[in-house]
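Protein chains in written order, with my numbering: chain X, 345 to 602; chain B, 806 to 1062.
Hints may be right or wrong, so weigh each one.
Residues from chain X that keep clear of chain B, each with C-beta distances beyond 10 angstroms, as calculated [what the hints assert, rightly or not]:
{"no.": "1", "residue": "F361"}
{"no.": "2", "residue": "G377"}
{"no.": "3", "residue": "K395"}
{"no.": "4", "residue": "T420"}
{"no.": "5", "residue": "E424"}
{"no.": "6", "residue": "N427"}
{"no.": "7", "residue": "K428"}
{"no.": "8", "residue": "Q435"}
{"no.": "9", "residue": "Q456"}
{"no.": "10", "residue": "I467"}
{"no.": "11", "residue": "P479"}
{"no.": "12", "residue": "F485"}
{"no.": "13", "residue": "S490"}
{"no.": "14", "residue": "R501"}
{"no.": "15", "residue": "D506"}
{"no.": "16", "residue": "V532"}
The calculated EDC-like cross-link candidates involving lysine to aspartate or glutamate, where the alpha carbons are at most 20 angstroms apart (straight line), are [claimed, not checked]:
{"no.": "17", "chain 1": "X", "residue 1": "K428", "chain 2": "X", "residue 2": "E402"}
{"no.": "18", "chain 1": "X", "residue 1": "K428", "chain 2": "X", "residue 2": "E447"}
{"no.": "19", "chain 1": "X", "residue 1": "K554", "chain 2": "X", "residue 2": "D585"}
{"no.": "20", "chain 1": "X", "residue 1": "K429", "chain 2": "X", "residue 2": "D480"}
{"no.": "21", "chain 1": "B", "residue 1": "K1027", "chain 2": "X", "residue 2": "D441"}
{"no.": "22", "chain 1": "B", "residue 1": "K1027", "chain 2": "X", "residue 2": "E402"}
Keep in mind the hints are simulated off the structure, nothing from the lab.
Think of the CB as a built atom: it goes at the ideal place given N, C-alpha and C, for glycine as much as any other residue.
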Amino acid sequence: MTESQPKIRIRDLHKAFGRKTVLNGLNLDVGVGESVVVIGGSGTGKSVLLKSILGLLEPDRGSIEVDGQEVIGMSTGDREEINKKFGMLFQGAALFDSLPTWENVAFGLLAQKKATRAEAKDIAIAKLAQVGLGPDVAGLFPAELSGGMQKRVGLARAIAADPEIIFFDEPTTGLDPIMADVINDLIVNVSREVGATALSITHDMASARKIADRIAMLYGGEIIWAGPTGEIDGSGNEYVDQFINGRAEGPIQMAVRA
Amino acid sequence: MNFVRLTGRVSLAFLGATGRLALFAATAFSHCVRPPFYFRSIVRQMIEIGYFSLPVVGLTAIFAGMVMALQTYTGTSRFSAESAVANIVVLALTRELGPVLAGLMVAGRIGASLAAEIGTMRVTEQIDALTTLSTNPMKYLVAPRLIAGVLMFPVLVLVADIIGIFGGYLVAVYKLGFNASIYIQNTYSFMEVGDVVSGLVKAAVFGIIVTLMGCYHGYHSKGGAQGVGTATTNAVVSACILILAFDYILTEIFFAQ
């Protein structure tokens, strides 16, 4: 392992659904300990990118390396090993509604037999405290929580097993601006505390500016611009300018007719 | 040409669906016999499938037994063979009515709830979440339900046999005027182990069918509430049809000489 080796290295990634090409030769590097945010409009393939890295979708062509290890086409057993490095915050939190909050948070620990049930509950309560939830929440079921609290529990679950890489799928979607900012702060703090590499996808620029070290713009199935967060306003790329300023007029033409 | 194209498309869709189901079933079975096992889930599903289906199965069985006694009596009295009522009731219930009626009723109850539960987990990304937590959803969700189905369906059918025969006894003795002790004696002497066992084997197969259909359709549901609704319908309908089809096949295997 060299120092310059990125945590995640994606090369020439292709994925099509039927005749619809979604990813068309995508390249992206995520450095160790770095927080990269991929921005892009709805339906540009941000989720497909994330799901390909997680192994939930099989790309048609290309390479995804995690710590220098190729993950495309690996066996189910190896995939389970690799996924132990990952934590994921889903857009809708995706909490298991048949389990109480603490079992949701501790699910990965229990599944990997890293802790007994009693230990796991203590860890879960500590992780819940890390995302600003009291121990009284531990016994509640997901349906009894508000949207913002569900996101927090989802975040606690994502960090419970101290992952090396955390993925955030539209972390602020569906939240009011204040709660969105609270979640952004949590993401920054929690990723720093765990020391994890972070890869997020979002179309919320306020969120992207806050949590990203580096921003990459996905358009037409490729990364058309990538650079440090501070440089995004002076990118000189008219696609990026149109997106971050939210203008309907510009080179990006939204498919109004589906 | 359109007719040929249609035939081709329908055949391809059918073969594709059969293949997907076969692969799903093979993966699911392999997870049933390979550790780790989720005993907590298995027990929870056994209670859900077995214990909570008892009222439905019991009611179905008692009415089936009562109708059977009444119909046999009115039918056989035409040629003065009323004494065969006990014989026919016990044969019909243990061989056919017990497993098939209990299977169909539980298919409606369990097939629908499995498809809806797993389908909702699919569309709310809970199944994806399982994978990211290094838990195989086939092993965690599907295998315990299959195991519980195979184990609990025979138990339910055994209960259905007993309650059904008791229903027949009630009608025969209290409505048709049979002598209670002779009826019981007839029932007992006509009952064969082979009949009961064949019914229980059928029940185990129906248990696989119902849980597999519920899990398969739920697992592959897509597109939100409507998708889950479609999955639920498909799970129940396909389970019922497969139960009737396999009932014939198994009867052919057991009893045709």
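Run the C-beta distances from X:Q456 to all of chain B and say if the shortest one exceeds 10 angstroms.
-> violated (6 angstroms)
Are the Cα positions of X:K429 and X:D480 separated by 20 angstroms at most?
-> violated (29 angstroms)
Is the Cβ of X:G377 more than 10 angstroms away from each Cβ in chain B?
-> Given a closest Cβ separation of 21 angstroms, the condition holds.
Keeping to a limit of 20 angstroms between CA atoms, is the pair of B:K1027 and X:E402 held or broken?
-> This hinted pair holds, its Cα atoms lying about 18 angstroms apart.
Far enough from chain B: is every CB of that chain over 10 angstroms from the CB of X:D506?
-> holds (13 angstroms)
10 angstroms cut-off, C-beta based - X:K428 kept clear of every residue in chain B = violated (5 angstroms)
Would you assess whether X:P479, listed as outside the interface, keeps its beta-carbon beyond 10 angstroms of every beta-carbon in chain B?
-> Correct as stated: the minimum Cβ-Cβ distance to chain B is 22 angstroms, above 10 angstroms.
Regarding the pair X:K428 and X:E402, is the alpha-carbon distance no greater than 20 angstroms?
-> holds (19 angstroms)
Grab the minimum beta-carbon distance between X:I467 and chain B and tell me whether it stays above 10 angstroms.
-> X:I467 is indeed farther than 10 angstroms from all Cβ atoms of chain B, at 14 angstroms.
Is the nearest CB of chain B more than 10 angstroms from the CB of X:K395?
-> violated (7 angstroms)
Is the Cβ of X:E424 more than 10 angstroms away from each Cβ in chain B?
-> X:E424 not clear of chain B: closest Cβ-Cβ about 5 angstroms, inside 10 angstroms.
Take a quick look at X:V532 and tell me if its Cβ sits farther than 10 angstroms from every Cβ on chain B, holds or violated.
-> holds (21 angstroms)
In this structure, the hints that do not hold are numbers 3, 4, 5, 6, 7, 8, 9, 14, 20, in rising order.
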